[in-house]
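These protein sequences, in sequence, are chains A and B. For the first sequence, the working numbering assigns the number 119 to the initial residue and increments by one for each residue that follows. For the second sequence, the working numbering assigns the number -16 to the initial residue and increments by one for each residue that follows.
Just to be clear, a hint being listed does not mean it is correct.
Said to hold, decoys possible - Only part of the chain A face toward chain B is listed, based on derived beta-carbon distances under 7 Å: (1) Thr156; (2) Thr215; (3) Glu216; (4) Phe219.
As the list claims (entries may be wrong) - DSS-like cross-link-like pairs, simulated, lysine-lysine; straight-line CA separation at most 27 Å: (5) B:Lys82 to A:Lys196; (6) A:Lys142 to A:Lys196; (7) B:Lys82 to A:Lys142; (8) A:Lys186 to B:Lys82; (9) B:Lys35 to B:Lys52; (10) A:Lys186 to A:Lys196.
If you're looking for bench data, these hints aren't it; they were derived computationally from the structure. Don't be surprised by glycine CBs; every beta carbon is placed ideally from N, CA and C.
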Amino acid sequence: DAGVIQSPRHEVTEMGQEVTLRCKPISGHNSLFWYRQTMMRGLELLIYFNNNVPIDDSGMPEDRFSAKMPNASFSTLKIQPSEPRDSAVYFCASAVTEAFFGQGTRLTVV
Amino acid sequence: DAKTTQPTSMDCAEGRAANLPCNHSTISGNEYVYWYRQIHSQGPQYIIHGLKNNETNEMASLIITEDRKSSTLILPHATLRDTAVYYCIVRRDPFNDYKLSFGAGTTVTVRA
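Chain B on its own, in the form it takes in the complex:
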């Protein structure tokens, strides 16, 4: 699986958009970009995933560059409850690749 690179940590202000970058320059054509987060003392939580197109759901938006070498997870209106470690993961489609390889992630702190 392609490796991902994320900043170690970032702060953002409550109510503002949080933009979390992820580099995956070795991603191959059949690999998806997945985002999970882990709030303190809880299990990881699925956020969103995408292949080529930008995706949006009730939690976040995922913007993937045209060359697919990087992506950005956007939390549109960050709240204190969004403070967590965010993991960017590259994997093949879930029907053919069961493995989720978690790296160190980005520790996001939302401040009032």
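Just chain A, same shape as in the assembly:
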């Protein structure tokens, strides 16, 4: 298996633009997570899906953030409109028991 695949690896966008981050989990994994990592706040859980259903979105910072999982092999994290403070590395992870993380998307909002 290729592991958790995230795209793009790097994204630079202007403030106010919509940003969509993509994740393909490991086949057979029934849990999917989106994390955000910054120097100030470390790794933070944004949202957790189980069997494609959002179970816990309490970590989503505000309404500008939304996540979907239309099927077991794909998830998106969307930020609309983006702001400079959203600049961070966003990780997707999938799990049956132990979580396996993707390589992350480094987002820069200018």
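Could you slot chain B onto chain A? The hints should help.
Okay, now just chain B, sitting in the frame of chain A:
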């Protein structure tokens, strides 16, 4: 979840064993000790976990004290590629607790 305390940083020599301590004095009976690491510019990587007994896999060994209030992750023969931030996390079993709460971790630098 119980809180963990780890040293901020530590150095170790290449080829030697690296012993990474973690304190979790408020751990409860149904909580596991997990270790992840994050190599620069990569996503976190699962290393090992345990409940009461010591555990070993191809990457590392985990030694948990009898009172379970602390543990040590052992990298038996550290290499330069083991330079990373190591996170000690306490959580309930993965079937009942999906959350992984990452603290600041220990920055381990392996030196030639």
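Hints, one by one, checked against the model:
no. : hint                 : in the structure
1   : Thr156               : violated (12 Å)
2   : Thr215               : holds (4 Å)
3   : Glu216               : holds (5 Å)
4   : Phe219               : holds (3 Å)
5   : B:Lys82 to A:Lys196  : holds (22 Å)
6   : A:Lys142 to A:Lys196 : holds (15 Å)
7   : B:Lys82 to A:Lys142  : holds (20 Å)
8   : A:Lys186 to B:Lys82  : holds (19 Å)
9   : B:Lys35 to B:Lys52   : holds (11 Å)
10  : A:Lys186 to A:Lys196 : holds (8 Å)
The structure is inconsistent with hint 1 alone, although it conforms to all the rest.
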